[in-house]
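There are 2 protein chains.
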Amino acid sequence: MQRVVGTIAAMLLALTLGAAAALAQDADPLPSWNDGPTKESIIDFVTQVTTEGSPDFVEPAERIATFDNDGTLWVEQPIYTQFAFAMDRVKATANENPDWKTKQPFKAVLDGDTKALVATGQKGMLEIVAATHSGMTTTEFSDTVEQWIETAKHPRFKVLYTDLIYQPMLELLAYLRANGFKTFIVSGGGVEFMRSFADKTYGVPPEQVIGSSGVTEYRMWDASPVLVKVPKVLFIDDGPGKPEGINHFIGRQPIFAFGNSDGDKEMLEWTANCLRVCFMGLVHHTDAVREYAYDRDSSVGKLDEALDEAEAKGWTVVNMKDDWKVIFPGPVAGQ
Amino acid sequence: MQRVVGTIAAMLLALTLGAAAALAQDADPLPSWNDGPTKESIIDFVTQVTTEGSPDFVEPAERIATFDNDGTLWVEQPIYTQFAFAMDRVKATANENPDWKTKQPFKAVLDGDTKALVATGQKGMLEIVAATHSGMTTTEFSDTVEQWIETAKHPRFKVLYTDLIYQPMLELLAYLRANGFKTFIVSGGGVEFMRSFADKTYGVPPEQVIGSSGVTEYRMWDASPVLVKVPKVLFIDDGPGKPEGINHFIGRQPIFAFGNSDGDKEMLEWTANCLRVCFMGLVHHTDAVREYAYDRDSSVGKLDEALDEAEAKGWTVVNMKDDWKVIFPGPVAGQ
Numbered sequence: 000m001q002r003v004v005g006t007i008a009a010m011l012l013a014l015t016l017g018a019a020a021a022l023a024q025d026a027d028p029l030p031s032w033n034d035g036p037t038k039e040s041i042i043d044f045v046t047q048v049t050t051e052g053s054p055d056f057v058e059p060a061e062r063i064a065t066f067d068n069d070g071t072l073w074v075e076q077p078i079y080t081q082f083a084f085a086m087d088r089v090k091a092t093a094n095e096n097p098d099w100k101t102k103q104p105f106k107a108v109l110d111g112d113t114k115a116l117v118a119t120g121q122k123g124m125l126e127i128v129a130a131t132h133s134g135m136t137t138t139e140f141s142d143t144v145e146q147w148i149e150t151a152k153h154p155r156f157k158v159l160y161t162d163l164i165y166q167p168m169l170e171l172l173a174y175l176r177a178n179g180f181k182t183f184i185v186s187g188g189g190v191e192f193m194r195s196f197a198d199k200t201y202g203v204p205p206e207q208v209i210g211s212s213g214v215t216e217y218r219m220w221d222a223s224p225v226l227v228k229v230p231k232v233l234f235i236d237d238g239p240g241k242p243e244g245i246n247h248f249i250g251r252q253p254i255f256a257f258g259n260s261d262g263d264k265e266m267l268e269w270t271a272n273c274l275r276v277c278f279m280g281l282v283h284h285t286d287a288v289r290e291y292a293y294d295r296d297s298s299v300g301k302l303d304e305a306l307d308e309a310e311a312k313g314w315t316v317v318n319m320k321d322d323w324k325v326i327f328p329g330p331v332a333g334q
Numbered sequence: 000m001q002r003v004v005g006t007i008a009a010m011l012l013a014l015t016l017g018a019a020a021a022l023a024q025d026a027d028p029l030p031s032w033n034d035g036p037t038k039e040s041i042i043d044f045v046t047q048v049t050t051e052g053s054p055d056f057v058e059p060a061e062r063i064a065t066f067d068n069d070g071t072l073w074v075e076q077p078i079y080t081q082f083a084f085a086m087d088r089v090k091a092t093a094n095e096n097p098d099w100k101t102k103q104p105f106k107a108v109l110d111g112d113t114k115a116l117v118a119t120g121q122k123g124m125l126e127i128v129a130a131t132h133s134g135m136t137t138t139e140f141s142d143t144v145e146q147w148i149e150t151a152k153h154p155r156f157k158v159l160y161t162d163l164i165y166q167p168m169l170e171l172l173a174y175l176r177a178n179g180f181k182t183f184i185v186s187g188g189g190v191e192f193m194r195s196f197a198d199k200t201y202g203v204p205p206e207q208v209i210g211s212s213g214v215t216e217y218r219m220w221d222a223s224p225v226l227v228k229v230p231k232v233l234f235i236d237d238g239p240g241k242p243e244g245i246n247h248f249i250g251r252q253p254i255f256a257f258g259n260s261d262g263d264k265e266m267l268e269w270t271a272n273c274l275r276v277c278f279m280g281l282v283h284h285t286d287a288v289r290e291y292a293y294d295r296d297s298s299v300g301k302l303d304e305a306l307d308e309a310e311a312k313g314w315t316v317v318n319m320k321d322d323w324k325v326i327f328p329g330p331v332a333g334q
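Protein sequence lines, in the order shown, are assigned to chains Y and L. Using numbering that gives the first Met the number 0, the first residue of the first sequence is number 0, and each one after it goes up by one. Using numbering that gives the first Met the number 0, the first residue of the second sequence is number 0, and each one after it goes up by one.
Hints in this document: simulated from the structure, not taken from any laboratory. By construction, the Cβ of each residue, glycine as well, lies at the ideal position given by its N, Cα and C atoms. Do not rely on the hints blindly, as some may be mistaken.
As the list claims (entries may be wrong) - Which stretches of chain Y does chain L cover? Using the computed rule of at least three CB atoms under 8 Å from a CB of chain L, they are:
1) 178-192
2) 221-227
3) 233-239
4) 247-256
5) 274-280
With the rest of the complex left out, here is chain Y (with noise of 0.2 Å):
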């Protein structure tokens, strides 16, 4: 009798495994994008390498994909959030630092003179980054990110930052990593910056976002080990960087590169450089209306030289006003 009731149990259980594959096989992993090449081209490439028996299979351990931040998962207009970010810390803490009040670049933000600021260059932005970013433990940096992440405001969308989002792209990151992908962040902005919401926000733990990264010093306060923000550049992963920082802190070549710059151009050329198949995409900001139309000329993701790489060799484009049903996971003014 248990033989009888134990295969019964078996046929069942087999029967409910098969039912809820076919019904996640017949959801649309993708809802938010419309149908059409670009859509097609991402589970075209899933289902070749994640197809066991096929030529092109990849094992999981193997299955890397590697993100952009700044305008391929979250807004980057007009200005970085992080920049954003250091100029709303160089307003809290200018009463500590009576002379900015005074000195370029801090005085063109105390004062709210954007073209003076814009006068300083990147001088100047490395500056304000650099008196923001260190003199504090990594603990009381990322504490300060945490509490101005969950109260900071985007100008035009007037809601926070990690409202904006893009809605495609996690459903991109949870499509990838349902079929056993590893994602990571690999991005020109600050590494401890954007580990204080990547989890939240991407579900894509610390230990899985590359950035830029400043030294840091181990030292002793009461007894206590610290590590000290100090204001030295160790790692620029940025452009030629980007390679550079995947196989510094991953060791392995991704399979699955996006990006939306030419900042992002040497990681797609190192992913395109595949022994067998791999993706390489990049998302295009068509949209002035739902979010921002940008890409040759502009200051902030400029898209040039990495477009025409793409259209020359056949990566994936994303036209993100005819590509993407939503831009935002929820509604937001000012679209």
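Mind docking chain L on chain Y? Use the hints.
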């Protein structure tokens, strides 16, 4: 009827799973460890952090365990394995570098003149490592390491270096992973050197290996992108560099760390600075017959300050001679 069968099936399933769980609990997860306080401290800690409902329960995502490599997971005497590799590379590439015949520290290596080599000091060692670990692509380098590691023999034990890993530590790595831990290597050794064998040898994938690293440069060779290793240090993952490296790569604090020398002191202190419970362990090499006996006066793997700190703070110290039933996975000569 279906309902009845379903219920019986569920009961049978529960019984089967229950039996399997009981069986798993009964089996000794650390069979190569002698019973006693050392083994107990490990099992107690793992039980404590993995028991749901316990005040010390730690979510799986936070179960980060870090292990030093040389002297903690495999033999480091009479010289670090990576240095044995570097010296073999000097010999193998001597023809391409005719000036080495008369130039120290290379001349000493080629002449087998240990005294002259030692006289070149740390500067000499670094020169040898720089010369043999740069000027090639990352792929060429790891191919060379793989080839070497599959053939080179340890001078005393006459077996492959990967046969000289510690069986008790392999069991510990597996035990932690079976309990939801993510196991990382955090070593002063070169990250690319270790990644060439860590997955196969320890089951630690490349993205979970942290080590010292040189700068790589992204270049196009014959229209293909490559990463070229240049003779410039990016990061030294030793001493205070270990907590810095853990923060840089993982971005979380470990709750479990194991080392064997003063170079691991800061990693252990950093781990000990945990919010609730954490485990700090040291391998003390006390077995000159089966392996080596060394500590405070050793030039390789010196264990002095960290041993005092471990004793003062009650960290777990493995007495290799008494705590380990076997040292290596298989029998080796020279024991």
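Against the structure, the hints:
1. Check result for the segment 178-192 of chain Y against chain L: holds, 3 residues qualifying (beta carbon to beta carbon below 8 Å, three or more required).
2. Residues of the segment 221-227 of chain Y lying with their CB closer than 8 Å to a CB of chain L number 3, which satisfies the three-residue condition for coverage.
3. Counting residues of the segment 233-239 of chain Y whose CB falls under 8 Å from any CB of chain L gives 3; the rule of at least 3 is met.
4. Here the segment 247-256 of chain Y counts 5 residues with a CB under 8 Å from a CB of chain L, which clears the bar of 3, and the coverage holds.
5. Only residues whose beta carbon comes within less than 8 Å of a beta carbon in chain L count, and the segment 274-280 of chain Y has 0; fewer than three means the coverage is violated.
Hint compliance for this structure: hint 5 alone is broken.
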